[in-house]
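There are 2 protein chains.
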Amino acid sequence: MSSHDRRFSQAAAAMQGSAIRKMGALGVRVPDLISFAPGFPAPEVFAWEEFREAARTLLDGSDGTVLQYGPTRGYLPLVEAVTKIVAGRGMTASADEVIITSGSQQALDLTARAFINPGDAVLVELPTYTGAITAFHNAQGHLVGVEQGPDGIDLDDLDRVLSRELREGRRIAFLYLVPNFQNPTGLLIGLDKRARLREWAARNDILIVEDDPYGALYFDDAATEAETRPIKADDADGRVVYLSSFSKTLAPGFRVAWIVAAGAIIEKLEVIKQSTDLCTGALDQRIVHRMWANGVLAARLPGLRSFYQHKRRVMEQALRRELGDLISWSEPKGGFFLWATLPPGMDTDALLPRAIEKKVVYVAGSAFFVDGRTGRLARLAFSAATPDRIEEGIRRLALAVREEMGATGSTQAARPARA
Amino acid sequence: MSSHDRRFSQAAAAMQGSAIRKMGALGVRVPDLISFAPGFPAPEVFAWEEFREAARTLLDGSDGTVLQYGPTRGYLPLVEAVTKIVAGRGMTASADEVIITSGSQQALDLTARAFINPGDAVLVELPTYTGAITAFHNAQGHLVGVEQGPDGIDLDDLDRVLSRELREGRRIAFLYLVPNFQNPTGLLIGLDKRARLREWAARNDILIVEDDPYGALYFDDAATEAETRPIKADDADGRVVYLSSFSKTLAPGFRVAWIVAAGAIIEKLEVIKQSTDLCTGALDQRIVHRMWANGVLAARLPGLRSFYQHKRRVMEQALRRELGDLISWSEPKGGFFLWATLPPGMDTDALLPRAIEKKVVYVAGSAFFVDGRTGRLARLAFSAATPDRIEEGIRRLALAVREEMGATGSTQAARPARA
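Residue numbers (my numbering), protein chains in the order written: chain A, 1 to 419; chain B, 420 to 838.
Excised from the complex, chain A in its bound form:
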């Protein structure tokens, strides 16, 4: 096997896979595993009937373009639909400021290739989304973490980090942010902080890449739509590249997402996409477009919000019941993830084999930190499992945690809880 190693490019030799994807593969191999690992939406709330009806009409053979190669920029009616969708989020974008991508991961990859020179600093939150980490890393960026507080990225640390990177002579490719229900922490950046981030970016002439897959999935009991207003909505000078997706609101299997940015940036992204995959799936784009045109997408959102809010509540209740004295978290105000802090001394990487033995899996916090940090953090996705399975999964997790504490005698707090 290793005879091929010398053939790989230096970039390829250094490329990394994603920890989450490995966790996802686990589910296939361990029977009855309850997975809180990948951020999968719940297929039971996909609009199966509407998808089926759209596919039936689209595939009637009357329009050959439904299965032909399409424009790299995207199916034009969908591009235009995106301008309307983002208008609903406070953004003004014309069709030439939009490109459809083959899922958000491609949006991250195109962005990485467009802006990152090998060795450039890419500023990211500590922790941040693993898919972004791999895309930026694989473009040979130098990933630099910035601490977060309860309302997201810490502006003082951002200044410190920027000064240090500039002092070390690095070009800054961009600042990557997930302001709405961040992956993995679930944090929401406050509106005031968003304004200050825009000012910071203008003052320092830095590009912001704003990733917003979860903004439409805010929870009524904890957040309002107004609080999810993208940074891009008030971007007067084309400094923000905005990414969003249909994967969480319709279905990820279609691989349809989008980027909104200045026209000159979209043109460059189009050239890169062209050599990357020519175009996004023609049928997929048309099904997604129909869901927008027939109002299904908009009509479903309130139901999706309460559906995922309910799952969050079930997970929180189970955590309190099973692990209340041993675990803490900030309540997620939207999105798919609960970011849990386990007892002092616990190592969530070390805990993982025991959790899998109990048939439950999560993503250890270390996967999300670009500074090599490990520790007692874990990302628990409440999106995919049913409420019953969430409860059972948290019971299993509690078993694993208590056993691990017994085995390692890791904390004082743990002992009474085990009694």
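The set of hints was computed from the structure by calculation and includes no laboratory data. Beta carbons are placed, not taken as given, at the ideal position from N, Cα and C, and that holds for glycine. A portion of the hints provided could be inaccurate.
[Unchecked claim] Which residues of chain B face chain A? A partial, calculated answer using Cβ under 8 Å: (1) A430; (2) R471; (3) A554; (4) L702.
[What the hints assert, rightly or not] Among chain B residues calculated to face chain A with C-beta under 8 Å, some are: (5) R426; (6) A431; (7) P462; (8) F470; (9) G480; (10) Q524; (11) A681; (12) Q693; (13) S694.
Take the given structure of chain A and dock chain B to it, following the hints.
Okay, now just chain B, sitting in the frame of chain A:
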């Protein structure tokens, strides 16, 4: 606009789009244009009814994975189907030697990223497929052309080019070949030459990337299935990376293609694909898989071969009738393309505006040459237009050619023809 230029990475700043894609966009803007430019399959022979039936069943909601994120390597039943499909082409491949890609363009992009360091030599045929040129160029490869004879790549020139590149100190990333009905020339590399290419690669320890989108579409009146046997079929030492696709035999709108290579190479390609688009469309892969499982794919091939063979014949007859004394070509033995040589002195780039004025378009030969060559060559795709439109398109082309010759007085041969 240009204020963004300084933000782009050096690689992105140098990236190129594809001439063919620009031609494709033209069709949308010029009414009644007859396009011989892009290699589009003909939608009237897509299996609409079978696709519709497959989509209906798959989208019945009983299996959530149909629209979920999927494995990066591909939908496992499709991966296994590919091992059977390539077995029919003489290859032995296990499931861990296969990866599904989002179209062949992604296969080219992943291959480029896996093997090309900036500045590495990538050996390609003169002329070669533009999608490969852009993918390899955008990975910052140094593209080096090798001449072709009537049965494909010239082995003497290949030796000369290799020596020169090695002498200049370049690492050789790989040799890229399209042995079956090459794009753009339509040439078929003979079986004896394939064996010699394998020996050459072994002797010089060079990787071969074999791109085979058209192999299944040989024309009974000019070629046999045996003559399309891939180089990969006799690759004992894992030196060949084999690319193929469902785009030409089912439909390109699904964006489903594949790579067969040594397990260690597939593992690396999987890591790269993961950060590129996570996974290929879930529904698309399942529809394609059903077409294989229910025998529709195999059953359609003989009909597709005669369908495209007929179109080739219609185009050849029209060319003989309209431009017989002014144009020459080697008869395509399969695939989608006829590679035409126009009269001496003609420049097919210069002819293009006049052709478009007559509402016909082709791809000028210069798009396929990595050595900057221009001249009197043109690629005419006979795949997409109906027979009537092919005849009308060639009439328009003849008008343009004769007018151009009148305007430039370019050749002696031209004058009697104009009289």
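Now the hints, each set against the structure:
Evaluation of the A430/B hint against chain A yields a held restraint, the C-beta minimum of about 7 Å falling below 8 Å. Restraint check, R471/B versus chain A: the minimum CB separation of about 4 Å is within 8 Å; hint holds. With a cut of 8 Å, the hint placing A554/B at the interface with chain A holds, because the nearest CB-to-CB distance is about 5 Å. Restraint check, L702/B versus chain A: the minimum CB separation of about 5 Å is within 8 Å; hint holds.
Evaluation of the R426/B hint against chain A yields a held restraint, the C-beta minimum of about 6 Å falling below 8 Å. For A431/B, the shortest C-beta to C-beta distance to chain A is roughly 5 Å, which falls under 8 Å, so the interface hint holds. Given hint, P462/B at the interface with chain A, holds; its Cβ is 3 Å from that chain's nearest Cβ, closer than 8 Å. The closest approach between the C-beta of F470/B and any C-beta of chain A is roughly 5 Å, which is under the 8 Å cut-off, so the hint is satisfied.
Because the beta carbon of G480/B sits about 4 Å from the nearest beta carbon in chain A, less than 8 Å, this interface hint is met. A least Cβ separation of about 4 Å between Q524/B and chain A falls short of the 8 Å threshold, and the interface hint therefore holds. For A681/B, the suggested interface contact is upheld, since its CB lies about 6 Å from the closest CB of chain A, less than 8 Å. Here the hint on Q693/B is kept, as its CB sits about 5 Å from the closest CB of chain A, short of 8 Å.
Taking 8 Å as the C-beta contact cut-off toward chain A, the hint placing S694/B at the interface holds, the least distance being around 4 Å.
Of the hints listed earlier, there is not a single one the structure fails to meet.
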